[in-house]
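For reference, the chains in residue letters:
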Amino acid sequence: MAKHETPLLDQLESGPWPSFVSDLKQEAAARAKNEKKVEYQIPQDVVEDLLGVLELSYKDGTTHWKHGGIVGVFGYGGGVIGRYCDQPTMFPGVAHFHTIRVAQPSGKFYTTEYLRQLCDLWELRGSGLTNMHGATGDIILLGTTTPQIEEFFYELTHNMNQDLGGSGSNLRTPADCIGQARCEFACYDTQDLCHTLTNEYQDELHRPAFPYKFKFKFDGCPNCCVASIARSDMSFIGTWKDDIRIDQDAVQGYVKGEFKPNAGAHAGRDWGPFDIQKEVIGLCPTECMKYENGKLTIDNRECTRCMHCIKVMPRALKPGKEKGLSILVGAKAPILDGAQMGSLLVPFVKVDKENGYAEIKEVIEAIWDWWMEEGKNRERLGELIKRQGFQKLLEATNITPVPQHVQEPRTNPYIFWKEEEVEGGWERDVNEFRKHHLR
Amino acid sequence: MAFISSGYNPDKPMENRITDIGPRHFEEFYPEVIKKNKGKWLYHEILKPGVLVHVAESGDEVYTVRCGGARLMSVTHIREICEIADKHCDGHLRFTTRNNIEFMVDNKAKIDPLIKDLESRKFDGGSFKFPVGGTGAGITNIVHTQGWVHCHTPATDASGTVKATLDELFTDFQTMRMPAHLRISMACCLNMCGAVHCSDIAILGFHRKPPMVDHAYLDKMCEVPLAIAACPTAALKPKKIDLDGGTVNSIEVNKNRCMFCGNCYTMCPSLPLADKEGDGIVLMVGGKVSNRISAPKFSKVVVAYIPNETPRWPTMTAQIRNIVEAYAKDARKYERLGEWAERIGWERFFGKTGLEFTHHLIDDFRDPAYYTWRQTTNFKF
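If you read the sequences in order, they're chains A and B. Using the working numbering, the letters of the first sequence correspond one by one to residues 1199 to 1637. Using the working numbering, the letters of the second sequence correspond one by one to residues 110 to 490.
A couple of the hints might just be wrong.
[Claimed, not checked] Derived pair list, reagent style BS3-like, types lysine-lysine, alpha-carbon separation capped at 30 Å:
| # | chain 1 | residue 1 | chain 2 | residue 2 |
| --- | --- | --- | --- | --- |
| 1 | B | Lys-385 | A | Lys-1201 |
| 2 | A | Lys-1548 | B | Lys-144 |
| 3 | B | Lys-196 | A | Lys-1488 |
| 4 | B | Lys-196 | A | Lys-1234 |
| 5 | B | Lys-145 | A | Lys-1521 |
| 6 | A | Lys-1235 | B | Lys-231 |
| 7 | A | Lys-1551 | B | Lys-147 |
| 8 | B | Lys-348 | A | Lys-1264 |
| 9 | B | Lys-329 | B | Lys-349 |
| 10 | A | Lys-1521 | B | Lys-144 |
| 11 | A | Lys-1516 | B | Lys-231 |
| 12 | B | Lys-231 | B | Lys-145 |
[As the list claims (entries may be wrong)] Derived CB-CB ranges, DEER-like:
| # | chain 1 | residue 1 | chain 2 | residue 2 | range |
| --- | --- | --- | --- | --- | --- |
| 13 | A | Gly-1518 | B | Gly-454 | 30 to 38 Å |
| 14 | B | Lys-364 | A | Phe-1546 | 44 to 52 Å |
| 15 | A | Glu-1520 | B | Arg-452 | 51 to 59 Å |
| 16 | B | Asn-363 | A | Asp-1473 | 55 to 63 Å |
[Said to hold, decoys possible] Pulled from the structure, derived: some chain A residues nowhere near chain B, Cβ distances all over 10 Å:
| # | residue |
| --- | --- |
| 17 | His-1262 |
| 18 | Tyr-1308 |
| 19 | Gln-1475 |
| 20 | Glu-1500 |
| 21 | Glu-1563 |
Hints are computed from structural coordinates only; laboratory data are not their basis. The beta-carbon is built from N, C-alpha and C at its ideal position, and this holds for glycine as well.
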């Protein structure tokens, strides 16, 4: 017998898509039954009360969670988000219901041994509810009480060799795409760069010293599967400089219909036979490809590496061999000044594991120095760039302006010349001027 | 329930403390075939919806079976995932950026038993636990935020809107009939923790009533200057209020300037916005993050308001279905929703979807608004 009636939520149990309501009920029942005789450290009926408060929201159309209080682990300023219910008497099991963010491993691969250990710990010291994963990438553990936070952290670090993620005005837990682990398009090892920088910047991740949140995301290629270009203050997108590698025999394989175009992604509809002119050459945004006399040629100097041709014919075309990444900066969601996409700052940098990614770190640290000096409270990097101008970003990072930095040159001539750029400087004698120009 | 100590001593928090160790190293978690062939993959193919093969230079193959699921999951559910991974995948699995679960096997013969096992598992309520799909030119899992399950600023629920939408679009999770892949994302307020602003279809919760002011508590709960500074449209100003025979420092809201972003409420709990009639859903379309063919794009608002019709948001799911079908019918192969809308023109988009164009859809927020108006005589009647 459920603790709270949930007639509205019950309607979300039907339908084919996995029902979170059914899963919540299954967890509520498992805790009530407690076959393993777990000594639950937070209320046994926590999930029942979560269902109850959620049903109330479905009824009255508003949330019943209050702002977070200051909760966390000693010495860290992030990783735990305080959460309190605004109807604690009705739902005492979730009166205190704090979130813990656990830094996910790069690439989000797991062993069952690790996940089971985490489940056991979270069942004992929390609600047993998670998000796999949160929007930024962390493993999110939903709901525990204040006294359990240090206990949880102690076991997490001592028994699982695992740390918390970021929250607040700090470096948020970086995230990456699957990369070279299982993708032929990846131009660098996203997992290694993500893991290395996450560890390098643990202090920035745990101890808020920034004006606001700061996100890194690592995409292995311009397809941007982890959406770095839209979602991260610094986005690291794999690319290449030299020629796309062509296997002409495999091109013929596609032309003759031996291989499915686009890796079979369109198999659910009859689009007719593959037409290389229409589907590849004709869709190339720079018109830099030709298919003549059974041979595919690419004018690589004109290619902007959009990867359409490579995606359509993955067996025939591969990114070049001189690989690296582009760095784009300043992406963010709309709050407050409107959404921003990342803007290109570093067109190409080699991804050099041997020297510990020194060139990449140099850019990161120059940006942080500038943002921490100039950024206002709760001003994202992208907003600072807009407020002070892209030129200031170039100065701060000591990067030379190149046409690649812009879509087009400015359409207004309101150039903020600096005094040192103007011959003779700005100091002039008005009396001398008046000798030649009467009042 | 007796308190169980982890070994942590609150009197000496630094004793034996371990900090700043970061996440576990990813290599610990790689399946054998991934470890062996990392960086040496030649190509991949989608064998059928939800099933991929990646072929390496060594000749090795890894078969991936992708399953959808709710990102809100219990430890009971995760243990079931582990049971499956132990049975079929040598104890390995991964999650995708879009909250799918991927089970990997190194032999073609292992695929069918795995799929059979996955598809046989259902929740007591009748829904699938592990539907296979989410690949290629179809609709994959919806990334989303916390909503009413766990957040203090939402204007709608996240898990419920997503469940309702994916029930509606379920066949397109398991098929690949779209012109290109179609990414749907959900965020429950303008903060957009879900960063839905570059999605083919974005479901966004938002408020439509200015904050109420809890004068009796505001000055005790909040830093007045911080709350005022948080307003992007300068709709807030300090005000002394006569209350219960005394005077308190508080805030006055210029309601006509409010754009309902809720940023003030984030800074000050005494300025609540949430409201049953005020809150609801906006639909945005045509965004993308890939650089393929055209540059990444922001999503555009095409439905300004849909009420929160709990528990299944039928108006919202019908509108989404309508947009999906218009796109599927009319777009060219490889064309993303936003590319399609730009090619045919947004006036045609509204014609083909039958969505009503209202003044709410014309941008009036700062300079970028001007660049979205039409500065040409080229348009379609």
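Numbers of unmet hints, in rising order: 3, 11, 12, 15, 17 and 18
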